[in-house]
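Asks: Sequence:
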Amino acid sequence: MGNSRAYPVFRTTDAVEAWTQALRLKALLEERDDEVILMADLLTVEEARRMAAVLPEAEFDYADPRVDPVTRDFLEFGMDISAAEDSVLEPELPLAVLHYVQPGTVEDRFVRAVGKGMASIGRHGRWPDDTETDSYGVAKYDGVEVLFNCDDVSWSQRADHHRLRSRRQVGRSSTRRETRRTPRQHRAGRRPARLVRGAALPVRSTS
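For the sequence shown, the numbering used here begins at 1 and goes up steadily by one.
Hint data in this document are derived by calculation from the structure and do not stem from the laboratory.
Do not rely on the hints blindly, as some may be mistaken.
Taking CB as the label site, the calculated pair distances span [what the hints assert, rightly or not]:
| id | residue 1 | residue 2 | range |
| --- | --- | --- | --- |
| 1 | 157 | 88 | 24 to 32 Å |
| 2 | 17 | 72 | 44 to 52 Å |
| 3 | 156 | 56 | 24 to 32 Å |
| 4 | 69 | 103 | 36 to 44 Å |
| 5 | 154 | 73 | 39 to 47 Å |
| 6 | 8 | 104 | 55 to 63 Å |
| 7 | 129 | 159 | 17 to 25 Å |
| 8 | 56 | 116 | 46 to 54 Å |
| 9 | 72 | 132 | 54 to 62 Å |
Using N, Cα and C, we set each Cβ at its ideal position, and we do this for glycine too.
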């Protein structure tokens with residue numbers, strides 16, 4: 001068995017530069033997942049409209065869980081961001097989005113749409129094996145992730161910079177190779193608990 005460890009690779013205050021370096025690092029993966037994970041917190045009406053234009057098919061939700069005062073059921077955000085008046089949309093903030101896209105489709109626009117809220121682009125993959133260090137690539141754990149306005153993968157605190165991280169499995173034995181999984185077999189995404197209407201999804205090391 002093993003665990004995933006995030007290794008800080010690069011830090012900058014330039015979001016485009018962080019994404020550019022992430023693309024270079026992703027190119028070194030021996031295998032790459034067929035989907036990219038996009039996540040973002042949207043703090044203002046302008047940020048929400050910008051992101052909705054980039055991800056028109058995405059499902060937006062409350063960043064902080066809201067409950068019905070009578071039924072105690074979690075409330076879902078169902079408003080059309082592009083059509084709602086500012087005065088109607090503003091009380092619904094902050095919003096959050098988690099969306100999967102095909103590589104090379106909207107990532108550049110996503111980076112430009114990121115505002116002051118925390119956001120990330122992640123992609124699973126598999127690093128090349130390194131027998132000298134007893135390290136073997138495993139698609140379930142490996143990958144690359146760039147964090148915007150955030151310094152840690154748990155999204156616990158905002159930052160004024162962006163960080164690129166490489167993930168790799170640690171603690172494996174060189175005599176045991178994990179059976180390789182297909183991308184869809186390990187697609188349950190990691191998502192901060194506050195983005196899932198009060199319940200965390202299974203942990204996944206985003207790439």
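Asks: Would you mind marking each hint as holding or not holding in the structure?
Replies: Hints versus structure:
{"no.": "1", "hint": "157 x 88: 24 to 32 Å", "verdict": "holds, 30 Å"}
{"no.": "2", "hint": "17 x 72: 44 to 52 Å", "verdict": "holds, 45 Å"}
{"no.": "3", "hint": "156 x 56: 24 to 32 Å", "verdict": "holds, 30 Å"}
{"no.": "4", "hint": "69 x 103: 36 to 44 Å", "verdict": "holds, 43 Å"}
{"no.": "5", "hint": "154 x 73: 39 to 47 Å", "verdict": "violated, 27 Å"}
{"no.": "6", "hint": "8 x 104: 55 to 63 Å", "verdict": "violated, 25 Å"}
{"no.": "7", "hint": "129 x 159: 17 to 25 Å", "verdict": "violated, 34 Å"}
{"no.": "8", "hint": "56 x 116: 46 to 54 Å", "verdict": "violated, 22 Å"}
{"no.": "9", "hint": "72 x 132: 54 to 62 Å", "verdict": "holds, 56 Å"}
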